[in-house]
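Same order as they appear, the protein sequences are chains A and B.
Using our numbering, you'd call the opening residue of the first sequence number 1 and step up by one each time.
Using our numbering, you'd call the opening residue of the second sequence number 1 and step up by one each time.
Honestly, the hints are just simulated from the structure, not real lab data.
Be aware that one or more of the hints could be misleading.
Claimed, not checked - Beta-carbon label-pair distances, calculated as ranges: (1) Trp212(B) <-> Lys43(A): 49 to 57 Å; (2) Phe323(B) <-> Ala28(A): 52 to 60 Å; (3) Phe241(B) <-> Asp235(A): 53 to 61 Å; (4) Trp216(B) <-> Ala128(A): 37 to 45 Å; (5) Ala321(B) <-> Val237(A): 56 to 64 Å; (6) Pro154(A) <-> Leu152(B): 25 to 33 Å; (7) Val130(B) <-> Leu283(A): 32 to 40 Å; (8) Leu70(A) <-> Trp138(B): 51 to 59 Å; (9) Phe62(A) <-> Val130(B): 36 to 44 Å; (10) Trp212(B) <-> Arg151(A): 47 to 55 Å; (11) Val237(A) <-> Gln290(B): 38 to 46 Å; (12) Val130(B) <-> Gly234(A): 35 to 43 Å; (13) Leu241(A) <-> Phe241(B): 26 to 34 Å.
Unchecked claim - On the chain A side, residues computed to face chain B include the following (Cβ under 7 Å): (14) Ala167; (15) Ile179; (16) His181; (17) Leu182; (18) Leu183; (19) Ile320; (20) Val335; (21) Val338.
Don't be surprised by glycine CBs; every beta carbon is placed ideally from N, CA and C.
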Amino acid sequence: MTSATATDTVLTARHPVRAWSGVPVLLAVLVGAFLLHIAVGAKPLPLGTVIEALTQFDPKVFDQVIIMNLRLPRAVLAVVVGASLSLAGALMQGVTRNPLADPGLLGLTAGASFAVVMVTAFTGMTNAALVPWIAMVGALGAALVVYFIARFVPGGATPLSLTLSGAAISAFLGALISIAHLLGEDTFENLRVWLTGGLAGRDINLLWYVGPWIAIALAAGLALAPRVTVLAMGDEVAQGLGVRTGRLKVQLLAVVVVLTACSVALAGPLGFIGLVIPHIVRLYVGSDYRWIVPYAALTGAVYLLGVDIIARIAIPPREISTGIITAMVGAPLFVHLVRQRTR
Amino acid sequence: MTAVTHPRQIVLRSPRERLALKLPLRAVLVLCLLLLALFLTIAVSLATGSYGVALGDVLDTLRGITISRAIDNVVWEFRFARTLAAALVGAMMALSGAALQNATRNGLADPSLVGVSQGAALAVVTLTVVFPDISSSWRPWAAFAGAILVALAVQGLARTRQGGSTIRFILMGIGLSAFISSITSAMMTYGEIDRAMAALAWLAGSINAASWGDVWTLLAWCAVLLPALLAISRTMSALRFGEAAAIGLGAPVKLVRNLQLAVAVALAAIATSVVGPLGFVGLIAPHAAQRLAPAGMAMHLILTAAIGALLVSLADLIGRAAFAPIQIPAGLLTALIGVPLFVALLLRSRATTH
Chain A
1 MTSATATDTV LTARHPVRAW SGVPVLLAVL VGAFLLHIAV GAKPLPLGTV
51 IEALTQFDPK VFDQVIIMNL RLPRAVLAVV VGASLSLAGA LMQGVTRNPL
101 ADPGLLGLTA GASFAVVMVT AFTGMTNAAL VPWIAMVGAL GAALVVYFIA
151 RFVPGGATPL SLTLSGAAIS AFLGALISIA HLLGEDTFEN LRVWLTGGLA
201 GRDINLLWYV GPWIAIALAA GLALAPRVTV LAMGDEVAQG LGVRTGRLKV
251 QLLAVVVVLT ACSVALAGPL GFIGLVIPHI VRLYVGSDYR WIVPYAALTG
301 AVYLLGVDII ARIAIPPREI STGIITAMVG APLFVHLVRQ RTR
Chain B
1 MTAVTHPRQI VLRSPRERLA LKLPLRAVLV LCLLLLALFL TIAVSLATGS
51 YGVALGDVLD TLRGITISRA IDNVVWEFRF ARTLAAALVG AMMALSGAAL
101 QNATRNGLAD PSLVGVSQGA ALAVVTLTVV FPDISSSWRP WAAFAGAILV
151 ALAVQGLART RQGGSTIRFI LMGIGLSAFI SSITSAMMTY GEIDRAMAAL
201 AWLAGSINAA SWGDVWTLLA WCAVLLPALL AISRTMSALR FGEAAAIGLG
251 APVKLVRNLQ LAVAVALAAI ATSVVGPLGF VGLIAPHAAQ RLAPAGMAMH
301 LILTAAIGAL LVSLADLIGR AAFAPIQIPA GLLTALIGVP LFVALLLRSR
351 ATTH
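With the sequences and hints as input, model every part of the structure.
Take a look at the structure:
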């Protein structure tokens, strides 16, 4: 497996002017996708109504109530979760120098889901404010287990060993979740929807608990991004350039764990977003994480809005789980990456 | 057949010595113990359940003595078919894993890891959800078609100009499995709810619905596939030394490898079509056989089959007895045993370093 750095250094770093040029376009697309996401649905609403509801809300107009109570929360969730998972994926790919890194593939989402399911099963906890904390503990635990298994595989924590141990841990936790599910069917009626990964019918109030943490983690991720570029050149190079790699890795792990856990708490396990988006972004901005990270966040938000629109309109009147579509799009890209990056 | 006993080995020869079997004593002993354990598991399995039957009564019933209509019914109609199906499916999955590991020269190969089980699962779910009018006797064929398509896709995608690569093979399997599973989930979410529920029980890898019809299907396929596997076992042992060495030894490597893959896929597909995807049995059994008693390929395959049968029988027994009346599908339990073993193999493997 060639490391990401070898290929990335061959790609000439794009000129900053080009990188800036994408930002307004991306922002415009984001706003457009956001409005479209709200307008589309079982009852299509004209964009004018959407904008009216967002600017001068009138609780007496039925369509505007739909928008404010149902569609706006879902669109906001898509933006938050898409941005978080993509940024987490980008940071993971940089810090592990692993083109196949993704919070789902490396077991973090499975760990977060597992923790939430177990705590709910054994304590009957219903306090929504605690969910993100439990998810964080689970994601962190799974991340550490996956990393340590991969580390002690002969050859060390390579993209392959990380992916394999991530798949193994995910399979193990998945089986435990299924067993817990069978043992307490009543408790799990609510969790079942959550576990398929999707944005429909989510409790927007959770955003009040999770939002601040996501905001802090996103900001921290953006702030750390320049040093990730250096880290992606290899530990020794980074140390030679004066980066305290150990501390930086701990900080990045914390950011990734918080973003993943909060996303899982909000929308359940959504796979492959963190894998796909950074690779798409790299095609445009090259290998500089100062650009990859913010671009990944914006593109991820647009991507999840788009996926969720497809999920809602593909087979009316029913809805496909958003997580299914992200896997359908992401898995072929994964296959392509494996073909390209492995001997 | 004449038997000549060497120290620590038993050699069986056919009349004109066209066939000779050299059996390490240890392997024979282990096999006897495994079969005894399997027999005990089956006996206990027949006796336990929501309707308890004494072990002695079970044995009498199996000998054809009717103790009561109820016991007759419970043992013969419900439990015996299920128990036999579990053992057969376990043996088939184990052999599929052994053949797959040999053909890909990858100790981590397992039908559920390289997408073969998922391919079979998608085909069967499609049949159940989208075409419910088609009889379920088509399930094995659909499963076979799905499994072989995915196996071909994984092989094709993993192939490079320098030939197949074991690492790519596994990673391709993971990627394709995710893709196929997402299609399966899509079908489950928007298919009719009762059909989806039927498919769901099957998808978890549970044996509780197995009937005598299933047992006969499994047996019929075993009667075709097992001799085929044993027939190529000699060349398979040459392949253990690597492809170049096997060609040097004059083995028809390409043909045998393709045959092996075909048999592996067929075994996994048939087993999957009856009980759903049972993960990790194909991974565990060959390694356990190797560890318990290193033996020649044919004996290794027999041991592997016995371990697989024991493993799934035990998983099925534990799954329905441990948390009764709730039944835990055997597939979940095999995953719980299999994953730690997978990790242990990963930690020891050299194959993953390059």
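Each hint, compared with the structure:
1. Trp212(B) <-> Lys43(A): 49 to 57 Å: holds, 53 Å
2. Phe323(B) <-> Ala28(A): 52 to 60 Å: Roughly 55 Å apart at Cβ, these two residues keep to the hinted range, so it holds.
3. Phe241(B) <-> Asp235(A): 53 to 61 Å: For Asp235(A) against Phe241(B), whose Cβ atoms are near 39 Å apart, the range 53 to 61 Å is violated.
4. Trp216(B) <-> Ala128(A): 37 to 45 Å: violated, 53 Å
5. Ala321(B) <-> Val237(A): 56 to 64 Å: This hint holds: roughly 58 Å between Cβ atoms.
6. Pro154(A) <-> Leu152(B): 25 to 33 Å: holds, 31 Å
7. Val130(B) <-> Leu283(A): 32 to 40 Å: Taking Cβ atoms as reference, Val130(B) and Leu283(A) lie about 37 Å apart, which means the hint holds.
8. Leu70(A) <-> Trp138(B): 51 to 59 Å: Violated - the Cβ-Cβ distance for Leu70(A) and Trp138(B), about 43 Å, lies outside 51 to 59 Å.
9. Phe62(A) <-> Val130(B): 36 to 44 Å: With a Cβ separation near 37 Å, Phe62(A) and Val130(B) satisfy 36 to 44 Å, so the hint holds.
10. Trp212(B) <-> Arg151(A): 47 to 55 Å: For Trp212(B) and Arg151(A) the Cβ distance comes to about 51 Å; the hint holds.
11. Val237(A) <-> Gln290(B): 38 to 46 Å: Given a distance of about 43 Å, which is inside 38 to 46 Å, the answer is holds.
12. Val130(B) <-> Gly234(A): 35 to 43 Å: violated, 51 Å
13. Leu241(A) <-> Phe241(B): 26 to 34 Å: About 49 Å separates the Cβ atoms of Leu241(A) and Phe241(B), which means 26 to 34 Å is violated.
14. Ala167: holds, 5 Å
15. Ile179: holds, 5 Å
16. His181: This hint is violated: His181(A) lies away from chain B, its Cβ roughly 10 Å from the closest one there, beyond 7 Å.
17. Leu182: holds, 6 Å
18. Leu183: This interface hint holds because 6 Å falls under the 7 Å limit.
19. Ile320: Nearest chain B Cβ about 6 Å off; hint holds.
20. Val335: Status holds, d = 4 Å.
21. Val338: Result: holds, 4 Å to nearest chain B Cβ.
Hints 3, 4, 8, 12, 13, 16 from the list above are not met by this structure, while the remaining hints are.
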